Structures are given as C-alpha cells and as structure tokens.
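> Take a look at the letters that make up each chain.
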Amino acid sequence: MLDDTDRRLLRQMLATPDAAGTALAERVGLSPAALSRRIDRLRDQGVIRGIHAEINWPAMGYAVEVSLRIALDKTEPRAFDEFQAAAREVPEVAEIQTFLGRVDVRLLILARDMAHYQTIYRDRILTLPHIADIEALMQVATVKSDQALPI
Amino acid sequence: MIDLDDTDRRILRALVADATQSAGAVGRALGLSQPATWRRINRMQDAGVLTGRRVEIDLEKAGFGVTVFLGVKLATKGRVSLEDFERAVSAIPEVQAVHHVLGLYDYRLRVVARDISDFERVLRRRIMTLPGVGDVEANVLLSEERLPGPIG
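Listed in order, the protein sequences are those of chains U and R. Okay, so the first sequence: first residue is 1 according to the working numbering, each after it adds one. Okay, so the second sequence: first residue is 152 according to the working numbering, each after it adds one.
Quick caveat, the hints were computed from the structure, so don't treat them as lab data. These numbers were taken from a predicted model, which means no experiment stands behind them. We treat Cβ as the ideally placed atom computed from N, Cα and C, and that holds for glycine. Wrong hints could be hidden among the right ones.
Claimed, not checked - Short derived list, chain R residues pointing at chain U, Cβ under 10 Å: (1) A165; (2) R205; (3) L210.
Said to hold, decoys possible - What the simulated footprint calls covered on chain R by chain U, stretch by stretch (three residues with Cβ under 8 Å from a Cβ of chain U suffice, anywhere in the stretch; the number is not a length): (4) 213 to 221; (5) 246 to 255; (6) 286 to 295.
Let the sequences and hints guide you as you build the complete structure.
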C-alpha cells in the first residue's frame, strides 16, 4: 500500500527528521502542497504515528541510562498488564517493551547519577508487581541510533 | 545545567507529544504568547535540551513485521578490536541501534526484518559473521511504548 514516493518520503524523513518542509519536498521531488498532502495521508493511514521532539537527557541532568531485563511470574495471568500499568506510573521509566524470549519486559530507566538510580531501583522498581527476575545492563555508549529503516 | 520552570516543562511535554505544533499553538494551549513561547523553546534548544525530532513509524505498516533485540557477547575479548565490530555492525542496514552495555552482554542491537525468515537471513548472514561475535541472545519484540520520561 506504500508506493515508491511514500517510501522515498519516509526514508528522507527518517534520515533527516529536522529537515524543513521545503527541503524535504525538493528531495522527494514533490511540490510543498503535494508533500503536506502525502504526509497527512500517511498520518491518517497510521503509517506515520507521530513526530516527537527528542529530549537530550544528559543536558537535563540525567546522565545514567540503565536497561532492565525483567522476567515476570507467568503463573499470574494478569502479570503483564499489572506490571506494565504500574511501570507506566514511574516517571523515570522512558521505554517499556514486551518480548517473546528469555526476557519478558524491558524497561529503560533514566537517572541523574548512580545514587539516584539506586534509589529508583529500590523504591520504585523492586516494588513493581509480579517480578520473577531482573538483570541490569548499563548503557556505556550509543554506537548507532539512527531511525533509518531499510525501506 | 539549565534550570527549567513549570512552564518550560509543560512546553517540553507538548513538543514531545507533537513536535510539528507551532510556537503559537503550543503557547495558546498554555495561555502564553507566541513570542514568549518561542523564546523559551529557543532557550531550551540553545541549552541542548531539545536536540531534534523523532519520526515514529508504524513498523508493521511500513513492511517490517519483526523487530528483535539481540544481546551480543564478544567471543575473544582483547583479540578483536571493538572498533572493527562496531564499524561492521553499524553498517548493517537492518540494525537500527547499537548500544555498548555493561553487564551480561557487550552490545545490545535492535534489528528490523520483514518477517521471521528475513530475520533468519539477517542473523545468519550478517550478524553471526561479524568479527568477534560470540554468544547471541534474541528476544522478539511484541509491544513497545515510549513514555515522556522524567520531564517533571
């Protein structure tokens, strides 16, 4: 249902999300009006779900990022729903993913420093419902994080 | 570090929800004039708090039915250069993100594929052939939500 122009447009939007409308229109080979019509259509179809501002957390004083890999107690049928609902209430949780595999849920935690992380972990994470096991991966560096897709 | 007041934080929340709003529209919703809103946005951009935009695509509708998070352990640390591994893994188009991590694994990768058999191709031909790659753990993404984070 995506045509070649849609694909070209999505590729360009992902590669340079900050590009101004006119520059984008030129690169995709559309008039500005046709471009905005197409973007509106892709939004209506739900292909583009949103365009969000990105916050640079270190500049906000949040220097620590920890990825928590969590296994849930699956004997509890409502474990996923209840865990996710409670995790959403923790402001320092920036991402929640659920998986099929050894890990059930991953949380991305943002903290000011290690002491702050320790507090969040003890007071807000360990108290979440239905946790069977937790492993932590501390993010040292982001090697690649472009939004590009091989469209 | 920049000091933000409640109005700044409300502006941040509005822009994280939808970055395409004009300063005027954001301001109107908060009872702020367009120039005042614009000045605050500008100040947050100068301080490096607001760095850019993220376009959120429905991966399935764009033809990527499968997203997998891979935990990768390097096999022979010391003998492979991290730079070689990082350069090679970053060049794979299906690899969207590479994070160097401390803990059970050395790297966390986010990989997209059209379907499971396409993922198998990427895993076998691209990932398993990377220099120094050892243990690989795969978890298939079922759902994902991004939250605004501790804006305050």
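> Now, for every hint given, state plainly whether the structure supports it.
Here's how the hints hold up against the structure:
1. For A165(R), the interface hint holds, since its Cβ comes within 10 Å of a Cβ in chain U; the closest pair sits about 9 Å apart.
2. Given the 10 Å rule on beta carbons, the hint for R205(R) holds: about 5 Å separates it from the nearest Cβ of chain U.
3. Using the Cβ-Cβ criterion of 10 Å, the hint placing L210(R) at the interface with chain U is satisfied: the shortest such distance is roughly 8 Å.
4. For a cut-off of 8 Å, the count of residues in the segment 213 to 221 of chain R with a CB near a CB of chain U stands at 4, and the three-residue condition holds.
5. For the segment 246 to 255 of chain R, the proposed coverage by chain U is satisfied: 10 residues have a C-beta within less than 8 Å of a C-beta in that chain, meeting the threshold of three.
6. Coverage of the segment 286 to 295 of chain R by chain U holds [criterion: at least 3 residues with CB-CB distance below 8 Å; count 8].
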